[in-house]
Amino acid sequence: MRIIFYILKKEFKQIFRNKMMIPIIFVMPIFQMLLLVYAATFEMKNIDFAVVDYDNSKVSRGLVQKLSNSPFFNIAAYEKNIDAAEEYLLHDEADLILIFPANFETKLVKENKSEMQIIINAINGTVAGISQGYLSQILAEYNKEIIVDFLNFEPSLASTIQIKPRFWYNPELNYKVYMVPGILAVLVTVIGMFLSGLNLVREKELGTIEQINVTPIKKHHFIIGKLVPFLIIGLFDLAFGLFIAKLVFDIPMVGSFVTLFIMASVYLFVVLGAGLLVSTFADTQQQVMFIGYFLMIVFILMSGIFTPTESMPIWAQKLNLLNPMYYFMSSIRMILLKGSSLVDLQFQLYSLIVYGIVMISLAVWKYKKVN
Amino acid sequence: MSNFSIDIQNINKSYEKTTALKNINLSVNKGELFGLVGPDGAGKTSLIRILTSLVLPDSGQAFVDGFDVVKDYKKIRQNVGYMPGKFSLYMDLTVLENLNFFATIFGTTIEENYELVKPIYSQIESFKHRKAGALSGGMKQKLALSCALIHKPTVLFLDEPTTGVDAVSRVEFWGMLKDLKSKGISILVSTPYMDEAELCDRVALMQSGEIMQINSPQQIVNDFSHTLWQLKSDNLYKTLQSLRNWDKTHSAHAFGQSVHFVANSSKITSSEIKEYMEEAGLENIEISGIKASIEDCFMELMTNNPTN
Numbered sequence: 001m002r003i004i005f006y007i008l009k010k011e012f013k014q015i016f017r018n019k020m021m022i023p024i025i026f027v028m029p030i031f032q033m034l035l036l037v038y039a040a041t042f043e044m045k046n047i048d049f050a051v052v053d054y055d056n057s058k059v060s061r062g063l064v065q066k067l068s069n070s071p072f073f074n075i076a077a078y079e080k081n082i083d084a085a086e087e088y089l090l091h092d093e094a095d096l097i098l099i100f101p102a103n104f105e106t107k108l109v110k111e112n113k114s115e116m117q118i119i120i121n122a123i124n125g126t127v128a129g130i131s132q133g134y135l136s137q138i139l140a141e142y143n144k145e146i147i148v149d150f151l152n153f154e155p156s157l158a159s160t161i162q163i164k165p166r167f168w169y170n171p172e173l174n175y176k177v178y179m180v181p182g183i184l185a186v187l188v189t190v191i192g193m194f195l196s197g198l199n200l201v202r203e204k205e206l207g208t209i210e211q212i213n214v215t216p217i218k219k220h221h222f223i224i225g226k227l228v229p230f231l232i233i234g235l236f237d238l239a240f241g242l243f244i245a246k247l248v249f250d251i252p253m254v255g256s257f258v259t260l261f262i263m264a265s266v267y268l269f270v271v272l273g274a275g276l277l278v279s280t281f282a283d284t285q286q287q288v289m290f291i292g293y294f295l296m297i298v299f300i301l302m303s304g305i306f307t308p309t310e311s312m313p314i315w316a317q318k319l320n321l322l323n324p325m326y327y328f329m330s331s332i333r334m335i336l337l338k339g340s341s342l343v344d345l346q347f348q349l350y351s352l353i354v355y356g357i358v359m360i361s362l363a364v365w366k367y368k369k370v371n
Numbered sequence: 372m373s374n375f376s377i378d379i380q381n382i383n384k385s386y387e388k389t390t391a392l393k394n395i396n397l398s399v400n401k402g403e404l405f406g407l408v409g410p411d412g413a414g415k416t417s418l419i420r421i422l423t424s425l426v427l428p429d430s431g432q433a434f435v436d437g438f439d440v441v442k443d444y445k446k447i448r449q450n451v452g453y454m455p456g457k458f459s460l461y462m463d464l465t466v467l468e469n470l471n472f473f474a475t476i477f478g479t480t481i482e483e484n485y486e487l488v489k490p491i492y493s494q495i496e497s498f499k500h501r502k503a504g505a506l507s508g509g510m511k512q513k514l515a516l517s518c519a520l521i522h523k524p525t526v527l528f529l530d531e532p533t534t535g536v537d538a539v540s541r542v543e544f545w546g547m548l549k550d551l552k553s554k555g556i557s558i559l560v561s562t563p564y565m566d567e568a569e570l571c572d573r574v575a576l577m578q579s580g581e582i583m584q585i586n587s588p589q590q591i592v593n594d595f596s597h598t599l600w601q602l603k604s605d606n607l608y609k610t611l612q613s614l615r616n617w618d619k620t621h622s623a624h625a626f627g628q629s630v631h632f633v634a635n636s637s638k639i640t641s642s643e644i645k646e647y648m649e650e651a652g653l654e655n656i657e658i659s660g661i662k663a664s665i666e667d668c669f670m671e672l673m674t675n676n677p678t679n
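Going down the list, the sequences are from chains A and B. Residue numbers for the first sequence, in my numbering: 1 to 371. Residue numbers for the second sequence, in my numbering: 372 to 679.
Calculated from the structure, these hints are not laboratory results. Treat the hints with caution; some may be incorrect.
Derived pair list, reagent style DSS-like, types lysine-lysine, alpha-carbon separation capped at 30 Å [to be verified]:
(1) A:Lys-204 / B:Lys-446
(2) A:Lys-204 / B:Lys-457
(3) A:Lys-19 / B:Lys-499
(4) B:Lys-511 / A:Lys-19
(5) B:Lys-523 / A:Lys-13
(6) A:Lys-368 / B:Lys-523
(7) B:Lys-457 / A:Lys-19
(8) A:Lys-218 / B:Lys-401
(9) A:Lys-204 / B:Lys-523
(10) B:Lys-499 / A:Lys-218
(11) B:Lys-619 / B:Lys-638
Reference excerpt, derived from the structure (chain B facing chain A, CB under 8 Å, subset only) [unchecked claim]:
(12) Leu-425
(13) Arg-448
(14) Tyr-453
(15) Pro-455
(16) Asp-463
(17) Leu-467
(18) Thr-475
All C-beta atoms in this analysis are idealised placements derived from N, C-alpha and C, irrespective of residue type, glycine included.
With the sequences and hints as input, model every part of the structure.
So, in structure tokens, the structure goes:
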């Protein structure tokens with residue numbers, strides 16, 4: 001016990017003597033939270049559109065007016081013909097084009113229906129989809145207005161099915177509520193995986209491991225010395241991140257913090273183990289960085305931070321069972337937003353425990369004092 | 372249990388295609404200061420790493436303090452001190468923290484073994500709150516030696532401790548080794564410097580993974596059976612070239628500003644050599660008969676067994 005205590009003391013001393021450590025521990029969470037949460041948004045603002053109005057009627061002008069009044073759409077240009085409007089799309093000055101054919105209004109009045117064309121730039125499929133969604137909504141509203149206007153006819157509420165959805169766990173569909181827990185999960189992963197891996201391989205690079213290996217130090221003492229400090233730092237950063245989340249974004253925190261920190265500790269053991277395992281293979285910090293970076297990208301993109309994991313192909317969903325971040329990503333959201341307990345998170349908890357045991361055992365086994 | 376502090380029997384080691392050690396047999400007596408002498412790549416470090424249980428031999432057996440380096444590696448790690456060739460202490464910890472750390476992981480304290488490290492540690496004690504990375508080369512070396520001694524080892528392994536250390540510190544360092552030896556610690560030290568070989572009780576001359584000779588430095592020098600000449604002239608390189616082309620030459624090696632020359636017949640005279648050198652167009656010729664040094668013996672051994 002005295003030895004473990006002393007080893008931990010030594011590791012902490014070294015960690016805090018490293019000039020880069022304090023910025024990594026304090027500045028990184030602030031940056032990630034403030035920058036990424038605002039930047040990684042699904043909300044669309046400032047959708048620019050160009051208009052080609054061959055009809056130039058009350059109805060067509062009314063729609064353009066309505067779009068311009070919405071906070072999401074900005075009118076970029078009024079053009080005489082389609083070719084000129086397409087130029088805007090080509091030069092990225094407009095995201096979509098509205099084309100009203102001649103007789104748009106007449107047809108509407110006579111035949112009770114009319115058609116117009118919308119061309120959307122789909123270089124970014126997500127943006128295109130969201131723009132179309134907003135546009136459809138505004139069009140539907142406008143539709144109702146002109147029925148009232150033209151026909152002097154109030155559509156009876158009874159005749160249509162009214163859908164009023166209620167969004168549980170995030171009633172306002174505030175994307176920040178969705179993103180913040182995700183960013184926190186990324187933060188914990190970065191701290192866990194890189195710091196532990198880099199720390200061990202640094203001893204290899206400097207040759208200090210050579211001196212350590214001829215001492216009677218026990219393997220598990222040494223590994224504990226490499227794990228525990230970063231477990232504590234990881235949990236501290238999670239707490240710090242939660243503090244920012246509450247203070248700046250006022251994220252709802254429905255669940256119990258005890259549950260969250262238990263899950264986070266188990267998860268940290270998995271990523272710390274993965275970091276150590278990588279460092280037992282690698283000889284330099286550079287190699288750890290590259291392998292760690294590769295794993296991080298895969299873990300993050302498959303974790304469900306941006307896109308729901310359920311929409312991935314079945315084989316990818318199966319593969320994702322190997323992604324530790326997948327378990328933690330769903331856990332942290334479920335705990336914070338829904339108030340899930342450990343019972344609800346049994347699957348994630350047991351999977352991570354098994355994963356952690358495997359990772360750390362492999363790391364201890366791979367770390368050989370003799371070669 | 373043998374009376375040897377280190378006992379090596381038929382050790383072989385190769386890394387992929389390179390052979391690092393070929394059939395090494397060697398024993399070091401208790402309380403002996405033993406030197407492994409040879410150029411870079413001779414296998415000195417590999418041998419020390421096997422003896423400190425960091426590397427497993429391919430075949431053969433080795434015992435340190437009676438413990439098998441493979442089976443009883445745990446006992447060995449308790450009982451030996453090791454100073455690797457590269458400075459391997461924590462640069463970001465202070466002198467005192469380093470020493471304390473190594474004392475602790477050996478389950479001891481600085482106070483307990485202070486007597487042993489005192490002569491060395493006291494020289495750097497005034498810098499005990501300075502980080503190891505900020506020490507000078509000589510002070511780093513003293514700290515490394517203190518850390519290797521803090522658990523009172525019975526055998527001390529030093530891998531090229533004086534490489535890259537200034538001349539004054541080198542002399543000082545060998546003085547410290549003599550002191551440790553007098554306290555009963557067996558020391559195995561490797562060095563590429565031939566002049567340091569003369570400071571050991573016995574040395575093994577190594578080359579390309581093989582031991583060419585084991586003996587006391589005195590005996591090695593006495594065993595040098597040839598007449599050795601020291602030749603000087605105005606042009607060292609030309610002297611060497613012309614002598615190597617002479618049919619009466621056994622060997623000719625550059626030693627500083629002179630050439631050490633051995634003829635293939637002991638009957639050769641200095642006037643005969645001078646005559647040859649003058650014919651070769653050399654001037655300011657000085658010729659004297661000298662006593663062989665360890666380096667001459669090493670060169671002689673290499674001339675006789677051109678292994679690679």
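Taking the hints in turn, this is what the structure says about them:
1. For a cut-off of 30 Å, the pair hint linking Lys-204 (chain A) to Lys-446 (chain B) stands: about 24 Å separates their Cα positions.
2. The hinted pair formed by Lys-204 (chain A) and Lys-457 (chain B) meets the criterion: a straight-line CA distance of about 12 Å does not exceed 30 Å.
3. The straight-line distance between the Cα atoms of Lys-19 (chain A) and Lys-499 (chain B) is roughly 22 Å, inside the 30 Å bound, and the hint therefore holds.
4. The hinted pair formed by Lys-511 (chain B) and Lys-19 (chain A) meets the criterion: a straight-line CA distance of about 23 Å does not exceed 30 Å.
5. For the hint linking Lys-523 (chain B) to Lys-13 (chain A), the alpha-carbon distance of about 26 Å falls within 30 Å, and the restraint holds.
6. Taking the CA atoms of Lys-368 (chain A) and Lys-523 (chain B), the gap is near 25 Å; set against the 30 Å cutoff, the hint holds.
7. Taking the CA atoms of Lys-457 (chain B) and Lys-19 (chain A), the gap is about 25 Å. The hint holds against a cut of 30 Å.
8. At roughly 29 Å between alpha-carbon atoms, Lys-218 (chain A) and Lys-401 (chain B) fall within 30 Å of each other, so this suggested pair holds.
9. Distance check on the hinted pair: Lys-204 (chain A) and Lys-523 (chain B) sit about 26 Å apart at the alpha-carbon level, within 30 Å; holds.
10. For the hint pairing Lys-499 (chain B) with Lys-218 (chain A), the CA-to-CA distance comes to about 28 Å; that is within 30 Å, so the pair holds.
11. Restraint check for Lys-619 (chain B) and Lys-638 (chain B): satisfied, since their Cα atoms lie roughly 11 Å apart, inside the 30 Å limit.
12. The interface hint given for Leu-425 (chain B) is met, as the beta carbon of that residue sits about 6 Å from the closest beta carbon of chain A, less than 8 Å.
13. The interface hint given for Arg-448 (chain B) holds, since its Cβ lies 5 Å from the closest Cβ of chain A, which is under the 8 Å cut-off.
14. Interface hint status for Tyr-453 (chain B): upheld, as the beta-carbon distance to the closest one in chain A is roughly 4 Å, under 8 Å.
15. Interface restraint check: Pro-455 (chain B) against chain A, minimum CB-CB distance 5 Å, threshold 8 Å, status holds.
16. Checking Asp-463 (chain B) against chain A: minimum C-beta separation of about 5 Å stays under 8 Å; hint holds.
17. The interface hint given for Leu-467 (chain B) is broken, as the beta carbon of that residue sits about 12 Å from the closest beta carbon of chain A, more than 8 Å.
18. Interface restraint check: Thr-475 (chain B) against chain A, minimum CB-CB distance 4 Å, threshold 8 Å, status holds.
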